[in-house]
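Q: Each chain, letter by letter, is given below.
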Amino acid sequence: MSKMNLLQAINNALDIAMSTDPSALCFGEDVGHFGGVFRATSHLQEKFGKARCFNTPLTEQGILGFANGIAAQGMTAIAEIQFADYIFPAFDQIVNESAKFRYRSGNQFDVGGLTIRTPYGGGINGAHYHSQSPEAYFTHTPGLKIVVPRNPEQAKGLLLASIRDPNPVIFFEPKKLYRAAVGEVPDEDYQLPLGQAEVVREGSDITLVAWGAQMEAIEQAAQLAEKDGISCELIDLRSLLPWDRDTLAHSVRKTGRLIINHEAPKTSGFGAEIAASIQEACFLHLESPILRVTGLDTPFPLALEKEYMPDHLKTYEAILASMNY
Amino acid sequence: MSDKRLTDAHIVHDSVFVDASALQIPTLRILQEDGTPYSDAVLPVLDKTLALKIYDTFLFIRALDERMLASQRQGRISFYMTETGEEAADIGSTAALQDDDMIMAQYREQGALAFRGFTPDQFMNQIFSNEQDLGKGRQMPIHYGSRQLHYMTVSSPLGTQLPQATGYAFALKAQQKPNCVICYFGEGAASEGDFHAALNMAGVFKVPVIFFCRNNGYAISTPAHEQYAGDGIAPRGIGYGLKTLRVDGNDVLAVLKATQEARKLAVEQHQPVLIEAMTYRLGAHSSSDDPSGYRNKSEEDTWRAKCPVMRFKKWLIHQDWWTEADDEQRKQQHRDQIMTAMKKAEKVPAPPLRDLFTDVYDQLPWHLQEQQQALIEHIRKYPQAYSKTAGRVDHE
Numbered sequence: 001m002s003k004m005n006l007l008q009a010i011n012n013a014l015d016i017a018m019s020t021d022p023s024a025l026c027f028g029e030d031v032g033h034f035g036g037v038f039r040a041t042s043h044l045q046e047k048f049g050k051a052r053c054f055n056t057p058l059t060e061q062g063i064l065g066f067a068n069g070i071a072a073q074g075m076t077a078i079a080e081i082q083f084a085d086y087i088f089p090a091f092d093q094i095v096n097e098s099a100k101f102r103y104r105s106g107n108q109f110d111v112g113g114l115t116i117r118t119p120y121g122g123g124i125n126g127a128h129y130h131s132q133s134p135e136a137y138f139t140h141t142p143g144l145k146i147v148v149p150r151n152p153e154q155a156k157g158l159l160l161a162s163i164r165d166p167n168p169v170i171f172f173e174p175k176k177l178y179r180a181a182v183g184e185v186p187d188e189d190y191q192l193p194l195g196q197a198e199v200v201r202e203g204s205d206i207t208l209v210a211w212g213a214q215m216e217a218i219e220q221a222a223q224l225a226e227k228d229g230i231s232c233e234l235i236d237l238r239s240l241l242p243w244d245r246d247t248l249a250h251s252v253r254k255t256g257r258l259i260i261n262h263e264a265p266k267t268s269g270f271g272a273e274i275a276a277s278i279q280e281a282c283f284l285h286l287e288s289p290i291l292r293v294t295g296l297d298t299p300f301p302l303a304l305e306k307e308y309m310p311d312h313l314k315t316y317e318a319i320l321a322s323m324n325y
Numbered sequence: 001m002s003d004k005r006l007t008d009a010h011i012v013h014d015s016v017f018v019d020a021s022a023l024q025i026p027t028l029r030i031l032q033e034d035g036t037p038y039s040d041a042v043l044p045v046l047d048k049t050l051a052l053k054i055y056d057t058f059l060f061i062r063a064l065d066e067r068m069l070a071s072q073r074q075g076r077i078s079f080y081m082t083e084t085g086e087e088a089a090d091i092g093s094t095a096a097l098q099d100d101d102m103i104m105a106q107y108r109e110q111g112a113l114a115f116r117g118f119t120p121d122q123f124m125n126q127i128f129s130n131e132q133d134l135g136k137g138r139q140m141p142i143h144y145g146s147r148q149l150h151y152m153t154v155s156s157p158l159g160t161q162l163p164q165a166t167g168y169a170f171a172l173k174a175q176q177k178p179n180c181v182i183c184y185f186g187e188g189a190a191s192e193g194d195f196h197a198a199l200n201m202a203g204v205f206k207v208p209v210i211f212f213c214r215n216n217g218y219a220i221s222t223p224a225h226e227q228y229a230g231d232g233i234a235p236r237g238i239g240y241g242l243k244t245l246r247v248d249g250n251d252v253l254a255v256l257k258a259t260q261e262a263r264k265l266a267v268e269q270h271q272p273v274l275i276e277a278m279t280y281r282l283g284a285h286s287s288s289d290d291p292s293g294y295r296n297k298s299e300e301d302t303w304r305a306k307c308p309v310m311r312f313k314k315w316l317i318h319q320d321w322w323t324e325a326d327d328e329q330r331k332q333q334h335r336d337q338i339m340t341a342m343k344k345a346e347k348v349p350a351p352p353l354r355d356l357f358t359d360v361y362d363q364l365p366w367h368l369q370e371q372q373q374a375l376i377e378h379i380r381k382y383p384q385a386y387s388k389t390a391g392r393v394d395h396e
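Order-wise, the sequence lines are chains A and B.
With the UniProt record's numbering, letter number 290 in the first sequence gets 290, and the count goes up by one each step, no holes.
With the UniProt record's numbering, letter number 389 in the second sequence gets 389, and the count goes up by one each step, no holes.
The following block holds chain A by itself, in its conformation from the complex (with noise of 0.2 angstroms):
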């Protein structure tokens, strides 16, 4: 075990799937020699050499539709976006290549080899363009799995499960944690499951879930609300597509109540799906409405960010709204 931030446990998980895998290639803006400019990808190229890990010229569009070639040719693609705000002239190349390119071929052609790496969310004064959490127009995107982690060892164990699924998968990675979130990491190479749900924390009156950096807000809010006697059983998602719907049921079947919690805008947010298929699951079970506490419908602000962030303070009202319902 090692002490590392989230920032050390993705470098270690690049460096240990570059490794054990000598097609993996890691590219995008800036991460070749300066290490990209979170530093995720530092001395990687010192270590693979300019021909594994090198910076691509400024095209988004470009560097996933390069992506998908060398994907598509057999080798692994490890993609970086340098915020997951600029995506979206690589949009079309995820939505409509990546996603579709095993189904529309019969299985001829996949880009399986493909891992796309971005940074998302709020918590540095970003604003409308170094914020955002875009995970929702990519969950509706059949063909493409999403990955949030939490911690520093979740991020490992599910970046090196992402970069070796037979699948393009999109790593959304929590950059308010980047340097915050610290923790024992084990040294050995080791992968989380793709597509399951975990149980943080296990309680009886209420669930909470979340992904990312979100479950620090549902933590703090169970810790209100265990003040007043109420016991929340903590979920972490962890995949979003597919994401695990039976861990999240079967809590929910257990306490009668749930609330979702993410970060990016409420109107058609992953929380709606999560709502809707639970209350199909569960209907019979449920003791109150299933709430969401989430990002405004508002582009992410900058001077209101506070106000802007769906806190403990305002997940923790949901717990007694939900409890006094």
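Treat the hints as calculated values from the structure; they're not laboratory data.
Predicted model, so just to flag it, every value in this text is computed and none were measured.
Take these hints with a grain of salt, some might be off.
Stated by the list, open to error - Quick look at which bits of chain A chain B covers, simulated, 3 or more residues with Cβ under 8 angstroms:
no., region
1, 21 to 33
2, 58 to 66
3, 86 to 95
4, 124 to 137
5, 298 to 305
6, 309 to 317
We treat Cβ as the ideally placed atom computed from N, Cα and C, and that holds for glycine.
Chain A is already provided as a structure; the job is to place chain B on it using the hints.
A: Structure of chain B alone, referenced to chain A:
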């Protein structure tokens, strides 16, 4: 005949591959390093008033960038970007335009905005995201915009302004306005797909637009030689049917001259133009960046010696339009003015809560009304957690 391709224009009988050597693009330079013009140089149209306005904007921007970078280091603001070393490019080109020509900037063109008359208070209000910011405190520092000054609000995504500039210019032409659009971007942004769409469409539609590339050597850490393999950005303009000119971006007279001519082509002939200004980003990409990780000091020193402000100052002194004493005095005035404006802006409160919700649409739809009401009630319950808005939430 609708097929107007020139398929028989120049036939040869053995393979001839064309490369960059076929296209020797010259660079326009008027001022030598010592501040004297080349003997055969054709000077731009420039009187003393305009020359001193340009130079005064140089001094203001130097003072602003220096003070704001220091404020970022002190933790007074979250973020800043300097344009040090590139002042001649944006200020010199904007000086060639009419005040109602549209500017569509990338993000490192605060000099163009200052030239148009954006005040120190307006800069500070934006940088401090306070309630007097024209953008209502919604965007990161340096994302300026002013409808009054014909300066489109800056958006961080790279290159998006390029095809918009083509469209804006198309609309100007359609409405027979005697104006053009100038669109700034870097050599990095020129790798974006939007760049290619913009130039192609401008060439096809023959619109009054000047694409102004600040080729400053770096896109964050990525040097130009890892950005493109051809001879810079200029040849692309020719490929798309634009009149193209490369200029020494640290020579403000050359930039001014190039842009004055470009404006004539754009406005009088609806001929889109690409100008590539060769310059150097002397500072970091932003306050979040540290260039010592990717380039060496001696390279920076080489370019520091080619300072555009210095070169122009020498010329002004040769003209007897400026003295070193004027220089010192004016620098101090700018520093004082900026400091005063900063202290004032720091004390202005954050935007009110309603500004979180307004302007998403022209009017507030039901779901935003609902979310606003819920948020007000929540803040009333936990005022200590939302200190920026709690004190005023009852007046919303």
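Q: Now tell me, hint by hint, if it's right for this structure.
A: Now for the hints, and whether the structure bears them out:
1. 21 to 33: With 4 residues in contact (Cβ-Cβ under 8 angstroms with chain B), the coverage given for the region 21 to 33 of chain A holds.
2. 58 to 66: That given contact holds, which follows from 5 residues of the region 58 to 66 of chain A lying within Cβ reach (below 8 angstroms) of chain B.
3. 86 to 95: holds (count 3)
4. 124 to 137: holds (count 6)
5. 298 to 305: holds (count 6)
6. 309 to 317: holds (count 4)
When the structure is compared with the earlier hints, no violation turns up for any of them.
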